[in-house]
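Each chain, letter by letter, is given below.
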Amino acid sequence: MVPLSYYLILGGILFACGVTGFLIKRNIITIFMSIELMLNGVNLSFVAFAAQWHALQGQVFVFFVMVVAAEAAVGLAIIISVYRTRETLNVDQVNLLKL
Amino acid sequence: MLSVHFVLFLIFGVVCVAGAVNLLVQRHPINSALSLVVVMGSLAVEYLLLGAEFVAAVQVIVYAGAIMVLFVFVIMLLNAGEEERTQGSRVAWLLGVPGMLLGSILIAWVVLNHSGTGAVAIGALPGPPKALGWLLFHDFLLPFEVTSILVLIAIMGAVVLAARPEKRES
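Just so you know, the protein sequences line up as chains A and B, in that order. Numbering that gives the first Met the number 0 puts the first residue of the first sequence at 0, with every later residue one more than the last. Numbering that gives the first Met the number 0 puts the first residue of the second sequence at 0, with every later residue one more than the last.
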């Protein structure tokens, strides 16, 4: 038996790491990966709560979160098009609305 | 005291957190992407410990497989090099890392003292594909269909955005 709070804390640590990466990283791809890390932390708490309340709906919601994570394809396409126009991946240098 | 469940949780939890911290520390995006694969793989084991076997399989196939391949592909396509430190990133380090520690401690304190949750046994809630599929196509049918339209739009958007702009002849 493992206390459920340990699983929740693990999810919270992953989420906090994702937020930190979002703040401190300067590469746009790594920032995007930090967002995926946050989604993973949320998924873990979904599954943990599903086990606590014996409700399978929690695991179904993980699927929906994964589908939203698969929208990463759109984000990566945006990154490719940003790189084509600016020729940089550094978010500090992407500061103009119009070229 | 030390059950198999707890030992496995501890091992893969430590691997998971180490991967997440490594993602923050590494400068090169490809190293960050590979440590994210480690995080996702060890999270799949945590799902297995909770009994969510199908979610664990999907985690490995979709997250560690498909999405991370997409990330690595884009990193190599754009030939991303090491990120340079700027003034803004130094300020973010000074504010972000204490913020993360503070947030983690706050979450841990709230969860430990005020959540009122119990303990879970190994494989507490089995999530076989049959039961999950019944839920997905019965209770969650409308969200499922809406999600499929969302994915379709996302695919078309990705194709339009990533396609090379055609040369206009004027």
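None of these hints come from the bench; they were simulated from the model. Wrong hints could be hidden among the right ones.
[Claimed, not checked] Derived contacts from chain B toward chain A, CB cut-off under 8 Å, selection only: (1) Val3; (2) Val36; (3) Leu42; (4) Ala56; (5) Val59; (6) Tyr62; (7) Thr85; (8) Gly102; (9) His137; (10) Leu140; (11) Glu144; (12) Ala153; (13) Ala161.
[Claimed, not checked] Covered stretches of chain B (chain A as the covering partner; in silico rule of three or more C-beta atoms under 8 Å from a C-beta of chain A): (14) 10-22; (15) 47-53; (16) 71-79.
Just so it is clear, CB atoms sit at the ideal spot from N, CA and C, and this is done for glycine as well.
Violations among the numbered hints: 1, 2, 4, 5, 9, 10, 11
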